[in-house]
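Taken in order, these protein sequences are the chains called A and B.
The numbering used here numbers the first residue of the first sequence as 1498 and each following residue consecutively.
The numbering used here numbers the first residue of the second sequence as 1498 and each following residue consecutively.
No wet-lab data here; the hints were simulated from the structure.
In this text, all values refer to a predicted model and were calculated from it rather than measured experimentally.
Heads up, a few of these hints could be off.
To be verified - Listed next, with one range per pair, are the computed distances between beta-carbon atoms:
id	chain 1	residue 1	chain 2	residue 2	range
1	B	K1604	A	A1779	32 to 38 Å
2	B	C1672	A	R1544	50 to 56 Å
3	A	G1607	B	E1772	26 to 32 Å
4	B	A1581	A	A1793	32 to 38 Å
5	B	D1706	A	G1607	24 to 30 Å
6	B	K1604	A	D1706	24 to 30 Å
7	B	D1702	A	D1702	29 to 35 Å
8	B	L1554	A	T1764	31 to 37 Å
9	B	E1772	A	G1767	39 to 45 Å
10	B	K1604	A	M1673	50 to 56 Å
11	A	D1541	B	Q1653	56 to 62 Å
We treat Cβ as the ideally placed atom computed from N, Cα and C, and that holds for glycine.
There are 2 protein chains.
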Amino acid sequence: MSVHFKKLALIGIGLIGSSIALAARRHGLVDTIAIATRREETLDEARALALGDIYTLDAAEAVHGADLVILCAPVGAYEALAKAIAPALEPGAILSDVGSVKAHVHKVVGPYVPPNVAFIPGHPLAGTEHSGPGAGFAELFSGRWCVLTPGPEVPQEQTDKLVGFWRAMGSNVECMDAAHHDMVLAITSHVPHLVAYNIVGTVADLEADTKSEVIKFSASGFRDFTRIAASDPVMWRDVFLTNRDAVLEMLGRFLEDLSVLQRAVRTGDGPALEEMFTRTRAIRRSIINAGQETAAADFGRPHEAVPKSEEQR
Amino acid sequence: MSVHFKKLALIGIGLIGSSIALAARRHGLVDTIAIATRREETLDEARALALGDIYTLDAAEAVHGADLVILCAPVGAYEALAKAIAPALEPGAILSDVGSVKAHVHKVVGPYVPPNVAFIPGHPLAGTEHSGPGAGFAELFSGRWCVLTPGPEVPQEQTDKLVGFWRAMGSNVECMDAAHHDMVLAITSHVPHLVAYNIVGTVADLEADTKSEVIKFSASGFRDFTRIAASDPVMWRDVFLTNRDAVLEMLGRFLEDLSVLQRAVRTGDGPALEEMFTRTRAIRRSIINAGQETAAADFGRPHEAVPKSEEQR
Ligand SMILES: NC(=O)c1ccc[n+]([C@@H]2O[C@H](COP(=O)([O-])OP(=O)(O)OC[C@H]3O[C@@H](n4cnc5c(N)ncnc54)[C@H](OP(=O)(O)O)[C@@H]3O)[C@@H](O)[C@H]2O)c1
Ligand SMILES: NC(=O)c1ccc[n+]([C@@H]2O[C@H](COP(=O)([O-])OP(=O)(O)OC[C@H]3O[C@@H](n4cnc5c(N)ncnc54)[C@H](OP(=O)(O)O)[C@@H]3O)[C@@H](O)[C@H]2O)c1
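Sequences and hints are given; from them, build the entire structure.
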């Protein structure tokens, strides 16, 4: 099925919004792209990058006449945005989003959606630690999953159309219940981010001397955590404010397990440690086999060659 | 100063041992490389890769006539290895190692070292999640730090020689006290590994259905943790058995901080979360500026192009 929209409105044009703009354009999925954002500077940046055709600070204006509208702002901004755009939504349009939590989005946006608009929240499981309109690239969604959480009232035909849009950008698509999405993401994404932010925070609190050594010697494992903990603070604040129960549930399990491991360290229980560390290898193997990760050592990070001057020292 | 050794003996020939063999050869730092390991298969693999000149299952034989001996086995094997090689150590030789903990190495190896041998424990802060003789590469140490922890009795001239050896392989070298090394590494490496093993373990315990979804959706953050948690289980068991106090101290701080973060999530304290998530960004910036990390998004992981067939779907 060939997917095509006349006018795509992107409300928010950061990493995800700009990647959608580039991918939709590259694959010829839309005629016109309208971009709305909050700040003048961001709009100027998007314009300089030629990400769209229409640029505005008024979300309702961008939405006017659009047959596909995607919210690409932090989830905490959604309710105000929904209120602002609702009167401008075209009958027959699809309203979607890319937020990292889903039950909350149904709750705060749902009530504003007119009955003749198909509300199909979504979440592309793709991203990097960078933000803003300059961070996007057309391949971001390629080979990654996109989860859609349409309510029961949405016509199948509209869901199929949105599925086709994401597939055309290279994504695998799966539909599921919003609450289930939030539980799975709590453990694959939200708790890992919380833990990474936390360990980097622990380091930030060390005495200045030790902290500078940690930075120097970070290649021994810590730097991987700092990548995750470099993600956008506002986006992540909103994730934890809006997926609290699932996060606390998964964090509770994590802490229980950590107590067991901590005791094994304290009592010097070698066999338990080795057993634990062996079990976890299989999971990475499965992820690589599922095509969700590179098998290259160290993520394929560059290892610089030895500078010539060092060779004969 | 030009560094040269007549005979280098590597006791253990996994990721680190094989990388030393390749780097020392490439940079012309040694005449002869003798390789000893525990298992016949590993020795055969090393021979097939032409990593050395002499291959033996007898560590003492490898050490015979060597002016540089480096232990490259898991730290738990060190005491037995020290006992075995001590009588074969050449007067004037340097004995070193690459173990991830240092105070324990002084404690268990030190007593076996003859007075005319310079014992200079070391730790290259470089590695990947892969193991075995086939995992090594000559550039592994390039641009990375190597920490040496010579005792006060070691002649400066011998330390300088070992420093020169690591520099010639591309490393930056720093000498410090063994206990200090262990505390810094506890937070930069040991606790991050423990936490990563733990979160992957939490997932391994989920019901089969959820677990397969976690694998599918792992690209949202979790997969980074699985890389760290794919490291060698025996090596890491030994790290936690031999650096217990520093690990428990740093884990304690981590857990205190996590309680604060957990409460902020529970009470929905947005400003506290945002403040915490903002603070941590600076640390990554410092690490990139220090040349210890790539600035490329997502570690420069490959993003596959959309297959042609998808484009018109
Ligand atoms: N980053 C990821 O890895 C990732 C992955 C999957 C899903 N997501 C989801 O994608 C969404 C956007 O994330 P992103 O990474 O693209 O963020 P980003 O790069 O930080 O961009 C955010 C965009 O939202 C706009 N915005 C922020 N606050 C706003 C407000 N109060 N009202 C209106 N617009 C506002 C910003 O506008 P101004 O610059 O004009 O203020 C900017 O255009 C979030 O809901 C996030 O959960 C992110
Ligand atoms: N991996 C890293 O990222 C990293 C980084 C810095 C330092 N280190 C340190 O480097 C050392 C080696 O790590 P690696 O990653 O190179 O390990 P590896 O790839 O698993 O290789 C370990 C080597 O040690 C040998 N060995 C294992 N148990 C032994 C025993 N009981 N007696 C004698 N030899 C034994 C193995 O021999 P067989 O195969 O013959 O059994 C193999 O040759 C460890 O002390 C580790 O702490 C590792």
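Comparing the hints with the structure gives:
no., hint, verdict
1, B:K1604 to A:A1779: 32 to 38 Å, "holds, 35 Å"
2, B:C1672 to A:R1544: 50 to 56 Å, "holds, 55 Å"
3, A:G1607 to B:E1772: 26 to 32 Å, "holds, 31 Å"
4, B:A1581 to A:A1793: 32 to 38 Å, "holds, 37 Å"
5, B:D1706 to A:G1607: 24 to 30 Å, "holds, 27 Å"
6, B:K1604 to A:D1706: 24 to 30 Å, "holds, 25 Å"
7, B:D1702 to A:D1702: 29 to 35 Å, "holds, 31 Å"
8, B:L1554 to A:T1764: 31 to 37 Å, "holds, 34 Å"
9, B:E1772 to A:G1767: 39 to 45 Å, "holds, 41 Å"
10, B:K1604 to A:M1673: 50 to 56 Å, "holds, 54 Å"
11, A:D1541 to B:Q1653: 56 to 62 Å, "holds, 60 Å"
Hint violations for this structure: none, all hints satisfied.
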